Each structure stands twice: as C-alpha cells, then as structure tokens.
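Colleague: Take the sequences, apply the hints, and build the full model.
Single-letter residue listing:
Number of protein chains: 2
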Amino acid sequence: MDDSGERTHVTLQDVARAADVSLATASRVLHGTARVRDDLRERVLAAAGALAYAPNAHAQALARASSQVVGVICHDVSDPYFAAISRGVMRVAAEHDQLVMLASTFRDPAREIAYAAALRAQRARAVLLIGSGFEDREWERAMDAELGPYVRTGGRVAVVSRHRSLRVDAVLPENRAGAAALARALTDLGHREFAVLTGPRALTTVADRLAGFRAALADAGVELPEDRVIEAPFTRDGGYQAAAEMLRRGTRPTCVFAVTDVMAIGALAAFRDHGVRVPADVSLAGFDDIPIVADLTPALTTARLPLEEMGERAMELILQPPRARSRIERFPAEIVLRASTAAPA
Amino acid sequence: MDDSGERTHVTLQDVARAADVSLATASRVLHGTARVRDDLRERVLAAAGALAYAPNAHAQALARASSQVVGVICHDVSDPYFAAISRGVMRVAAEHDQLVMLASTFRDPAREIAYAAALRAQRARAVLLIGSGFEDREWERAMDAELGPYVRTGGRVAVVSRHRSLRVDAVLPENRAGAAALARALTDLGHREFAVLTGPRALTTVADRLAGFRAALADAGVELPEDRVIEAPFTRDGGYQAAAEMLRRGTRPTCVFAVTDVMAIGALAAFRDHGVRVPADVSLAGFDDIPIVADLTPALTTARLPLEEMGERAMELILQPPRARSRIERFPAEIVLRASTAAPA
DNA sequence: GCGCATTCAGAAAGCGCTTTCAGGCGTACG
DNA sequence: CGTACGCCTGAAAGCGCTTTCTGAATGCGC
Numbered sequence: 001m002d003d004s005g006e007r008t009h010v011t012l013q014d015v016a017r018a019a020d021v022s023l024a025t026a027s028r029v030l031h032g033t034a035r036v037r038d039d040l041r042e043r044v045l046a047a048a049g050a051l052a053y054a055p056n057a058h059a060q061a062l063a064r065a066s067s068q069v070v071g072v073i074c075h076d077v078s079d080p081y082f083a084a085i086s087r088g089v090m091r092v093a094a095e096h097d098q099l100v101m102l103a104s105t106f107r108d109p110a111r112e113i114a115y116a117a118a119l120r121a122q123r124a125r126a127v128l129l130i131g132s133g134f135e136d137r138e139w140e141r142a143m144d145a146e147l148g149p150y151v152r153t154g155g156r157v158a159v160v161s162r163h164r165s166l167r168v169d170a171v172l173p174e175n176r177a178g179a180a181a182l183a184r185a186l187t188d189l190g191h192r193e194f195a196v197l198t199g200p201r202a203l204t205t206v207a208d209r210l211a212g213f214r215a216a217l218a219d220a221g222v223e224l225p226e227d228r229v230i231e232a233p234f235t236r237d238g239g240y241q242a243a244a245e246m247l248r249r250g251t252r253p254t255c256v257f258a259v260t261d262v263m264a265i266g267a268l269a270a271f272r273d274h275g276v277r278v279p280a281d282v283s284l285a286g287f288d289d290i291p292i293v294a295d296l297t298p299a300l301t302t303a304r305l306p307l308e309e310m311g312e313r314a315m316e317l318i319l320q321p322p323r324a325r326s327r328i329e330r331f332p333a334e335i336v337l338r339a340s341t342a343a344p345a
Numbered sequence: 346m347d348d349s350g351e352r353t354h355v356t357l358q359d360v361a362r363a364a365d366v367s368l369a370t371a372s373r374v375l376h377g378t379a380r381v382r383d384d385l386r387e388r389v390l391a392a393a394g395a396l397a398y399a400p401n402a403h404a405q406a407l408a409r410a411s412s413q414v415v416g417v418i419c420h421d422v423s424d425p426y427f428a429a430i431s432r433g434v435m436r437v438a439a440e441h442d443q444l445v446m447l448a449s450t451f452r453d454p455a456r457e458i459a460y461a462a463a464l465r466a467q468r469a470r471a472v473l474l475i476g477s478g479f480e481d482r483e484w485e486r487a488m489d490a491e492l493g494p495y496v497r498t499g500g501r502v503a504v505v506s507r508h509r510s511l512r513v514d515a516v517l518p519e520n521r522a523g524a525a526a527l528a529r530a531l532t533d534l535g536h537r538e539f540a541v542l543t544g545p546r547a548l549t550t551v552a553d554r555l556a557g558f559r560a561a562l563a564d565a566g567v568e569l570p571e572d573r574v575i576e577a578p579f580t581r582d583g584g585y586q587a588a589a590e591m592l593r594r595g596t597r598p599t600c601v602f603a604v605t606d607v608m609a610i611g612a613l614a615a616f617r618d619h620g621v622r623v624p625a626d627v628s629l630a631g632f633d634d635i636p637i638v639a640d641l642t643p644a645l646t647t648a649r650l651p652l653e654e655m656g657e658r659a660m661e662l663i664l665q666p667p668r669a670r671s672r673i674e675r676f677p678a679e680i681v682l683r684a685s686t687a688a689p690a
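Chains as they are written, first to last, in our numbering: chain A, 1 to 345; chain B, 346 to 690.
Take the hints with a grain of salt, since some may be wrong.
As the list claims (entries may be wrong) - Just so you have them, the derived chain A footprint on chain B, three or more residues with Cβ under 8 Å:
1. 411-422
2. 427-440
3. 448-457
4. 493-503
Because the hints were derived from the structure by calculation, they are not lab data.
Quantities reported herein were computed from a predicted structural model and do not represent experimental measurements.
Backbone N, C-alpha and C define an ideal beta-carbon position, used for all residues, glycine too.
Modeller: Below, the structure written as structure tokens:
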C-alpha cells in the first residue's frame with residue numbers, strides 16, 4: 001500500500017490530495033455541509049476510507065470553537081450513590097452524542113478545583129458537579145474563580161445536590177423533607193429513642209438530612225441529644241465505625257438512622273458483628289435507596305431518591321441552552337419501609 | 346474593569362498584550378520553558394490572573410500534537426465490578442495528571458466502536474477497554490479498523506479481561522484457574538451436585554470461568570450436565586431469573602456457582618424469596634469479591650479478584666511507553682470462603 | 001576598547017480543521 | 001447571441017497555541 005511505518009496522523013489534507021480535490025470540498029463531503037458533485041464525493045469517501053482517516057477533534061474544536069465533551073465531577077465513582085447517578089448521566093450523554101469526562105475527586109477539594117480548571121481548558125461544553133460542596137471559604141473562592149469565567153464565556157454548569165452556588169441549574173434531592181418524612185414514619189412505628197450516624201457535618205447533604213430528621217422528631221415531641229449524633233467518614237467503613245462507637249458508648253436507642261445507605265450498610269455489619277439483632281434489638285434506616293440495599297438481610301428501610309433519573313435530568317438541563325433564571329429541579333424522596341425497621345420491643 | 350459582557354474567551358494573545366510582551370514570552374512564562382526576565386514574568390503572571398486566563402487545551406493539543414486525556418470504555422459504570430476497577434484507574438490517572446474520559450457502552454457493540462472512534466478523534470493518548478469483548482466477527486473487524494491505525498500512530502491501548510486482541514497490553518484475571526480453585530474448594534466441602542448460573546456464553550469471561558469450573562469438577566469426578574448450566578443476563582436481575590428458573594425446573598443441586606458476584610446477589614434474593622435457605626438447603630458461591638458481598642447475609646463465598654489494583658495496573662501499563670512485545674499481567678483469584686457455603690446436608 | 005560568545009525577547013511558521021469569499025462554469029432569459 | 005444569475009469548487013484566512021529561528025543586548029576575554 002503506502003510507505004509502511006506510518007508514524008504520523010492522516011490529515012484531511014491527505015484525504016483531499018488523494019481524492020484530488022480541495023480541502024474545502026473534502027470537509028464538505030465529510031460533513032454533508034453543502035452539495036458536492038457526485039464523483040467528487042465518491043472519491044473523497046473512498047480516500048478517507050482507504051486511509052482510515054479520523055478527524056482531529058482538537059482541530060475541529062479549535063476551528064469551530066465548540067466541543068462535544070461534557071465534564072462530570074463526583075466524589076467517587078465506586079460509591080453506588082454516584083455510580084447510580086452517573087449511569088443516568090451516561091445514558092443521556094450517549095443519546096446526545098456527547099463524550100463524558102468523568103473525574104473522581106476522592107473528596108479532595110484541591111483535586112476538584114484542578115479538575116474544574118482542566119475541564120475549562122478542554123472547553124468542555126458543560127460541567128456537572130455531583131455531590132456536596134465543601135464548607136470552605138478558600139475553596140469556594142477558588143471554585144468561583146474557575147466557574148465564573150467559564151459560565152461567562154458560554155460554559156454550562158449544573159450541580160446535583162448542592163445549593164450554595166446560586167447562578168447555576170441544579171438538581172436537588174429533597175433531603176430535608178425526606179429525612180423528616182422518614183422520621184415521621186419511624187416515630188409512627190413507635191420509636192422514641194434515636195441515634196443518628198452521620199458523615200462530616202460540613203457537607204450540606206448531611207446537614208440537611210440531619211436538620212430535617214431532627215425537626216420532625218421535635219414535632220413528634222422527641223428530642224435528639226447531640227451525643228446521639230455520631231460523626232464518621234462518609235463511607236461503608238465510616239458507618240461501621242460510627243455504629244461500633246455508639247455501641248461502645250453504651251447508647252441503646254431503639255432506632256438508628258444512618259444518613260446514607262452506604263453508611264447503613266456498614267452499621268448493619270457492625271450490629272451483626274456485635275450480636276445486635278436488626279430489627280429485633282434495634283431498627284435501622286438509611287437514605288438514598290441505592291440498588292443493593294433491597295437485597296440485604298434484613299432489607300433496609302430507606303428514603304428513596306430516583307438517582308438514575310436525577311443524573312438523566314441533570315444531563316438534560318446542561319445540554320439545554322441556559323435560561324436567565326437558573327432552573328432548580330427538586331426530587332422528593334419516597335419512604336420505603338422494609339424489614340430493617342419494626343416497632344420497638 | 347473591562348467592557349462587560351465578555352462573550353469570548355481570553356486568549357494568550359490577550360494576556361501578552363496586557364502584559365506588553367510577545368506571545369512567545371507569555372507562553373514561556375506560563376510553562377517555565379525558558380528563562381524570562383523577572384519583571385516580564387511578573388507582568389505576564391499578573392495579566393493572566395487578572396484576565397482569568399485559561400489555556401485552550403485544544404489549541405495546545407494541536408500545537409504540541411499530544412493531549413493528556415485517556416479514554417476508558419466499560420460496559421456499565423454502575424456495575425460494582427466496573428466501578429471498583431474504575432476507582433483504581435481514576436486514582437492512578439489523577440496521580441499522573443491525566444484526564445479520564447469514561448464511557449459506558451451498556452453492552453452495545455456499536456456504541457463501543459463509536460466511543461473508540463471518538464477517542465481516537467480526541468487524540469486520547471491511550472484507550473483502556475474494560476470487560477469482555479463480543480464474539481462477533483463484524484464487530485471485531487470494525488474495532489480493529491479503529492484501533493489499528495490508532496496504535497500505529499502512537500496511541501496506546503490496553504485491555505482488562507479480554508484476550509482476543511493480541512497486540513495490546515493486557516491485565517488478565519485468572520478466570521479459569523480461579524474458577525477451578527473455587528470448584529476444588531467446593532468439592533472439598535463435599536459437594537457433588539452443582540448448578541451454574543452464567544451470563545451470555547459468548548463473553549470470554551463467562552466461557553473461561555465455566556470451563557475452569559467444569560474442568561476441576563471433572564478432575565474430582567463430578568459431572569456438570571449441560572442442563573445444569575443456566576444462562577441469563579449478566580446482571581443482578583439476571584442472577585435472580587436464573588436461580589428462579591433453576592428452582593422452577595426442579596433442579597436441586599447442593600451447591601450453586603454464579604459466575605459473577607452480581608449474579609450471585611440476584612440468586613441469593615431469589616432463594617430467599619422462594620424459601621430456599623443458604624447455605625442450609627443450598628450453598629452459593631460467586632466470583633470477583635465486589636465490596637458489598639462480604640456484607641450480605643449470608644456473606645458470600647467467592648473468588649477474589651483485586652479489582653482496584655487491576656485498574657491501577659492497567660492505567661500504569663498504558664502510561665508507560667510501549668514495548669515491542671505486549672505485556673500481559675495476570676492476576677490470580679483468591680478463594681474466600683464465607684458463610685454462604687457449607688458442607689451439604 | 002573591540003570582538004566574540006551568551007542570553008533572552010520577538011517574529012513567524014505551522015498544528016489540522018472550518019468557513020467565508022471569489023471565481024468558473026452552465027443555464028435561462030432577453 | 002449576449003447578459004444575468006445560480007450552483008459548485010477552490011483559495012485563503014483564521015481558531016489559539018508552541019517552538020524554531022532570528023536578532024538585539026549584554027557580558028566576557030584579550
């Protein structure tokens with residue numbers, strides 16, 4: 001065929017030359033942007049095929065000043081919560097022929113900012129921030145410094161589950177109301193003695209769920225003393241730790257609320273390891289309804305969030321042209337009572 | 346400040362102009378590529394900051410003919426198996442300042458090829474294919490047509506868990522040996538009556554695990570009749586279906602092997618729903634050791650694969666310069682006996 | 001004090017593509 | 001038969017950046 005050892009990329013120029021047409025014509029054929037005489041079109045197509053031509057997306061992005069890449073920043077893809085949301089995101093992205101750049105920050109604010117900057121540099125057409133932000137002035141300033149100019153130059157930004165940044169579209173789970181509803185369901189069951197296992201209070205998601213839960217408890221005349229709120233990392237192991245710590249302290253509520261299902265999974269393990277029966281000795285409830293919790297034994301009572309749908313919606317928002325007022329879409333949580341909760345003994 | 350309503354991007358040219366230096370100098374300052382007089386450097390830095398300059402990664406990629414994007418193609422991010430591998434991938438990518446474009450194909454061959462093409466167009470410096478390929482001639486040809494030229498022009502490709510494509514680096518779990526070891530562990534427990542719940546046989550992962558399991562069984566003098574191998578989709582629900590189907594057929598083995606943990610989770614649910622006790626009535630084993638299965642009740646016996654590590658290794662391979670001979674890294678599976686298996690009644 | 005070697009800044013040539021702007025030809029019309 | 005008008009192709013100007021090459025200072029040695 002050609003001189004072997006092709007070490008360099010095939011360019012549109014090469015295709016045009018091989019087809020003996022101009023660059024412009026080759027471009028037009030490949031995009032169907034304008035009518036081209038049939039024989040020329042054939043030649044271009046043939047040449048492109050023979051040379052295994054692949055357009056250089058960077059050159060295209062540069063020339064057209066637009067790209068079809070959207071960025072998604074989350075805490076950790078391997079957390080089922082983010083995985084479920086990502087799934088929805090990916091599906092809609094695929095439908096719209098968008099490429100997704102997915103970043104895991106592992107909850108490191110610096111890394112989050114670095115990714116935002118990289119995405120801006122990539123001229124990603126949109127950036128999706130999934131998961132609570134950080135209650136950190138420095139970080140907020142830095143993030144604004146990245147995203148502000150990005151938005152001003154036509155970049156689209158949306159967030160899932162964080163309110164602070166005001167000017168962007170948002171998909172917001174109703175954490176507060178959901179937690180309140182859960183609390184009511186639990187008090188309706190007869191519980192009066194609670195403990196809560198939470199992640200870092202600085203995360204708005206945590207704060208909202210806690211506040212909603214506590215408020216509804218108060219309405220029912222139940223108090224939640226501060227020492228019944230146990231803080232630990234926002235992971236399965238964190239849930240285990242928190243539950244173990246609770247047991248160690250001798251705190252014996254009739255019902256435990258873990259602010260996320262992931263933490264509830266850890267708590268369930270801790271209870272099992274310590275011989276505490278769920279729900280006979282203690283009821284346990286989570287939040288999110290990640291896919292696995294229905295398969296646990298006992299199946300977990302939780303507040304269901306339509307995670308995949310939230311991801312889909314966020315991606316749809318971001319692909320639409322911006323509105324003057326930023327859109328806020330709220331997703332209510334639905335209480336799902338399963339075997340992990342029962343009336344207190 | 347400047348004329349408001351900035352609708353266009355700040356370019357290096359703008360920065361240079363504001364700092365009253367040449368384009369070249371500005372570029373040099375921003376990259377530290379060469380010594381620049383201190384006052385000029387200061388001016389450039391100040392201007393870049395004031396203008397919130399963000400380099401255009403596309404222009405950079407074009408000018409330097411390289412990018413720091415790596416592509417990852419998997420079946421479904423929300424499957425814990427891929428999520429765990431992705432986690433390792435992400436971590437190493439972050440360490441090396443690489444941006445990851447993550448695509449879920451939802452097991453659609455056409456989509457896989459479309460992504461490969463897009464990644465090639467993006468001049469991704471490397472592409473990682475995770476998960477079994479498809480036993481489809483047409484697909485193989487199309488994939489080769491994308492990846493061949495890509496590799497020839499300096500693109501790096503690696504695969505996790507698929508052998509067919511020969512010329513690329515690979516991270517291979519020892520599915521066959523692992524399944525064999527699992528079979529031995531199970532026969533050692535005293536089981537002689539087995540059933541296997543599998544995903545599509547066309548997937549090499551499935552074929553290998555099945556073959557290894559069957560071979561070791563044969564060595565132990567145990568036969569696995571074809572009607573004891575039940576095929577279903579490669580998901581939690583597939584596992585449920587397969588187990589339900591097995592029960593419906595009246596097949597009552599003393600031990601069931603689900604070729605993936607995800608399917609085992611479904612099977613466990615099916616057994617529970619049908620009043621079949623695990624392991625009292627039937628033992629159940631999976632494969633992969635995805636994080637959740639240790640928390641199930643009963644905890645699942647499985648063949649552990651170091652998923653996160655496999656992802657890390659794959660990313661490392663791909664970031665290294667290519668070798669003449671493609672590298673193959675094998676990861677053995679380790680048998681983890683948990684409560685879901687016991688000696689037959 | 002002059003010539004030469006060094007530094008370091010700037011001009012300019014691409015990187016591969018899109019798209020505007022002319023220009024060439026063919027047709028329809030006067 | 002000449003002019004006007006379309007339609008299609010090609011030339012060329014960028015898109016924003018990196019990097020080589022050139023040239024102007026400066027510092028040094030003799």
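Colleague: How about the region 427-440 of chain B: do at least three of its residues have a C-beta closer than 8 Å to a C-beta of chain A?
Modeller: holds (count 7)
Colleague: Quick check: do three or more residues in the region 411-422 of chain B have a beta carbon closer than 8 Å to a beta carbon of chain A?
Modeller: holds (count 4)
Colleague: Given that the region 448-457 of chain B was listed as covered by chain A, double-check it with a C-beta distance under 8 Å for 3 or more residues.
Modeller: Our answer is that it holds, as 4 residues pass the Cβ test (under 8 Å) against chain A, meeting three.
Colleague: Are 3 or more residues of the region 493-503 of chain B near chain A, judged by a Cβ distance of less than 8 Å?
Modeller: holds (count 6)
Taken one by one, the earlier hints all hold for this structure without exception.
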